[in-house]
Amino acid sequence: MDSLIVEAVKQKQNDYYELNRFFKRAKFQKEEIDFFLKESEKNKYPLGEVFAYNLLGRHYRNNSFFEQATEYYLKALEISREIKNVNAEIVTLNQVGVVYRRQDKIRSALNYHQMALELADKVEFPDDDTKVSISISNNSIGNIYLTLKQYQLALEKFKKSILIQEKLGDKRGLAINHQNIGFAFQNLGDIDAALEHYHKSLDYNIENNSDFGKVICHQSISDVLLLQRRYEEAYKYISEVVSISEEIGNQYYTSEVFSTLGYVQLKLDSIKIAEVNLEKGLAIATKHKIPSGINKSNLYLSELYEKKQSYEEAYSYYKKAIEGERKTFNDKNILYVNTLISKYDNEVSENKIKNLAKENEIAKLKLLRNRNVLIIALVSIALLGVLLYSMYRQRLLNNDKKILKLEQEALRIQMNPHFVFNALNSIKLYVINNEQKNAVHYLNKFSKLIRNILESSTVKEVTLSEELKTMNLYMSIENIRFSNEINYIEKVDSNVNSERIKIPPLILQPFLENSIWHGLSSKKGDKEVILTVKKESDEFIQIDITDNGIGRDAAMKIKNSKSLNRKSIGIYLTKERLRNFANEYKNDYSLVYTDLVDEKGKVKGTMVTLKLPIL
Numbered sequence: 167m168d169s170l171i172v173e174a175v176k177q178k179q180n181d182y183y184e185l186n187r188f189f190k191r192a193k194f195q196k197e198e199i200d201f202f203l204k205e206s207e208k209n210k211y212p213l214g215e216v217f218a219y220n221l222l223g224r225h226y227r228n229n230s231f232f233e234q235a236t237e238y239y240l241k242a243l244e245i246s247r248e249i250k251n252v253n254a255e256i257v258t259l260n261q262v263g264v265v266y267r268r269q270d271k272i273r274s275a276l277n278y279h280q281m282a283l284e285l286a287d288k289v290e291f292p293d294d295d296t297k298v299s300i301s302i303s304n305n306s307i308g309n310i311y312l313t314l315k316q317y318q319l320a321l322e323k324f325k326k327s328i329l330i331q332e333k334l335g336d337k338r339g340l341a342i343n344h345q346n347i348g349f350a351f352q353n354l355g356d357i358d359a360a361l362e363h364y365h366k367s368l369d370y371n372i373e374n375n376s377d378f379g380k381v382i383c384h385q386s387i388s389d390v391l392l393l394q395r396r397y398e399e400a401y402k403y404i405s406e407v408v409s410i411s412e413e414i415g416n417q418y419y420t421s422e423v424f425s426t427l428g429y430v431q432l433k434l435d436s437i438k439i440a441e442v443n444l445e446k447g448l449a450i451a452t453k454h455k456i457p458s459g460i461n462k463s464n465l466y467l468s469e470l471y472e473k474k475q476s477y478e479e480a481y482s483y484y485k486k487a488i489e490g491e492r493k494t495f496n497d498k499n500i501l502y503v504n505t506l507i508s509k510y511d512n513e514v515s516e517n518k519i520k521n522l523a524k525e526n527e528i529a530k531l532k533l534l535r536n537r538n539v540l541i542i543a544l545v546s547i548a549l550l551g552v553l554l555y556s557m558y559r560q561r562l563l564n565n566d567k568k569i570l571k572l573e574q575e576a577l578r579i580q581m582n583p584h585f586v587f588n589a590l591n592s593i594k595l596y597v598i599n600n601e602q603k604n605a606v607h608y609l610n611k612f613s614k615l616i617r618n619i620l621e622s623s624t625v626k627e628v629t630l631s632e633e634l635k636t637m638n639l640y641m642s643i644e645n646i647r648f649s650n651e652i653n654y655i656e657k658v659d660s661n662v663n664s665e666r667i668k669i670p671p672l673i674l675q676p677f678l679e680n681s682i683w684h685g686l687s688s689k690k691g692d693k694e695v696i697l698t699v700k701k702e703s704d705e706f707i708q709i710d711i712t713d714n715g716i717g718r719d720a721a722m723k724i725k726n727s728k729s730l731n732r733k734s735i736g737i738y739l740t741k742e743r744l745r746n747f748a749n750e751y752k753n754d755y756s757l758v759y760t761d762l763v764d765e766k767g768k769v770k771g772t773m774v775t776l777k778l779p780i781l
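Each residue of the sequence shown is one higher than the last, beginning at 167 in this note's numbering.
One thing to keep in mind: the hints can contain errors.
Stated by the list, open to error - In silico DSSO-like pairs for lysine-lysine, Cα to Cα no more than 27 angstroms straight-line:
1) K626 / K690
2) K594 / K433
3) K271 / K178
4) K603 / K626
5) K433 / K473
6) K271 / K176
7) K603 / K693
8) K770 / K725
9) K485 / K473
Bear in mind the hints are in silico, worked out from the structure with no lab data behind them.
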């Protein structure tokens, strides 16, 4: 091996995948890796250093010394970035993600695999090696979804990965993916499908002569046989790989093997030897800080002591298992929601870029309009042509409509990102507090609201019924932040055909938002918003939005007292949209604000009255 290493350093191959192929999957001993690193440093071969550090990372990872593995992988990542070797960086990012995943550090694992996938996707003409890296990233992210118990999402990632592997004939990758797919089906309750994929994985591992793969497959098949109460068969499969697992030295799976072996023996009433193996599995998991192994061993030991009628010890182990599982699962669920928020933040950033592009287009149209004014004026003066002037007026109106339409699109694109971000944070609190029903209830409402907003952004008008449904969803989500203290009431007269009346989409939202944040947010006691729709005549409908808030004067004082006082453009753009909407009808719209007072002249709220033409 030393001569092979010297030759590799001498050649100084600059492609990471070619360097890997040079060694033809050779198994390096620790001393040989140290020699490779020393030779690479001496001969100033940085890619050799990256390769050696990655080999050291794998050595320590396979022996479950995760901190040392992480240290060497990060050194490899640093050098690969310094020399700007993209292939080396992609491979190393995936390796860092794997070592974090083994420790149940889901956030870090997801970040590194996502970085690897994004970097690989940027390669304009990916070769087979890059496609393998993309497959590994998808597979690893799928594994993270498994730990989050998002099994359908995991299957989607595995299917993307397996398509690449089938095209490339990557038997090792196919073995890994069939194993993972089997685990997803097992947790979805489809035991037959799980066994089918586990056996496919085992076949590939036997074909590849992979002892490590055999250990994993035997472990998984034993778990399924345990579920089916086929204890003798389970014992046969798991006992075949105990010595192989110890010889390989991967403590993560060795812990799993001993725990499963002990549990099978427990089911076969071999209590004493079961206790020995379960304690051994727990000791290995504890030493190497493997949370999933600790939880599993504690749960099995609880059942063992219950069978021995040692109920106090049984309860102690059960409590440890449940507390460990709850902590891990809650942390992962919180991470999952945080990931959604992170994705939303990215969307907001993209929308801001789109908004700037729209504003730039508006500015160009305005410049074009002003230039056309000058040209047409000169032509009009020269030709004294009233005709050309009227054509200019028509073009001017068309440009104005385009500008207004773009302003509407810009408004929809920036549909209050703070509201959406705060809504997601509010829903996250339900997850943190384990209020699953509330979390699911409001996530469903939130998703419907976002879908309605996106659909509305593509149309000029919606039915009054659709607008009211969207406003109801909006008020439900906003109400979370007020602990559902706001009583929102809709009153629609029976003579109003809300399915046929058309209004601009999202036209009522700014008025409801003002009622909440200017009228009610500073008010103590009962909070109420009433939305009333009635048919004023055959030509108009009237929409009243009434709140029992602090009134406009008090709200203005509070606003003026704030150190940061932004000028809101929401109502201004809404009026522009209403004006544009009314241009299509023979009648105009009207908008009136009324301060409500009681018989003593004390402010008791605000009413916004909006009259819209329907003929």
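Does K473 lie within 27 angstroms of K485 when you go C-alpha to C-alpha?
-> 16 angstroms, holds
Given the proposed pairing of K770 with K725, does the C-alpha separation stay at or below 27 angstroms?
-> Holds. K770 to K725 sits at ~19 angstroms (cutoff 27 angstroms).
Would you check the hint for K271 and K176, treating anything up to 27 angstroms between C-alpha atoms as holding?
-> Distance of about 39 angstroms is beyond 27 angstroms: violated.
Hint consistency between K626 and K690 [alpha-carbon to alpha-carbon, up to 27 angstroms] = Since the Cα atoms of K626 and K690 sit roughly 39 angstroms apart, the hinted pair is violated (cutoff 27 angstroms).
Restraint check for K433 with K473, where alpha carbons must lie at most 27 angstroms apart | 10 angstroms, holds
For the pair we were handed, K594 and K433, check the Cα-Cα distance against 27 angstroms.
-> The given pair, whose Cα atoms are some 41 angstroms apart, is violated under the 27 angstroms limit.
Quickly compare the C-alpha distance for K603 and K693 to 27 angstroms and report which way the hint goes.
-> Within the cut-off at roughly 25 angstroms; holds.
Given the hint that K271 pairs with K178, test it: the Cα-Cα distance must not exceed 27 angstroms.
-> 36 angstroms, violated
Take the C-alpha atoms of K603 and K626, compute the straight-line distance between them, and say whether it is at most 27 angstroms.
-> 36 angstroms, violated
Comparing the model with each earlier hint shows violations of hints 1, 2, 3, 4 and 6; every other hint is respected.
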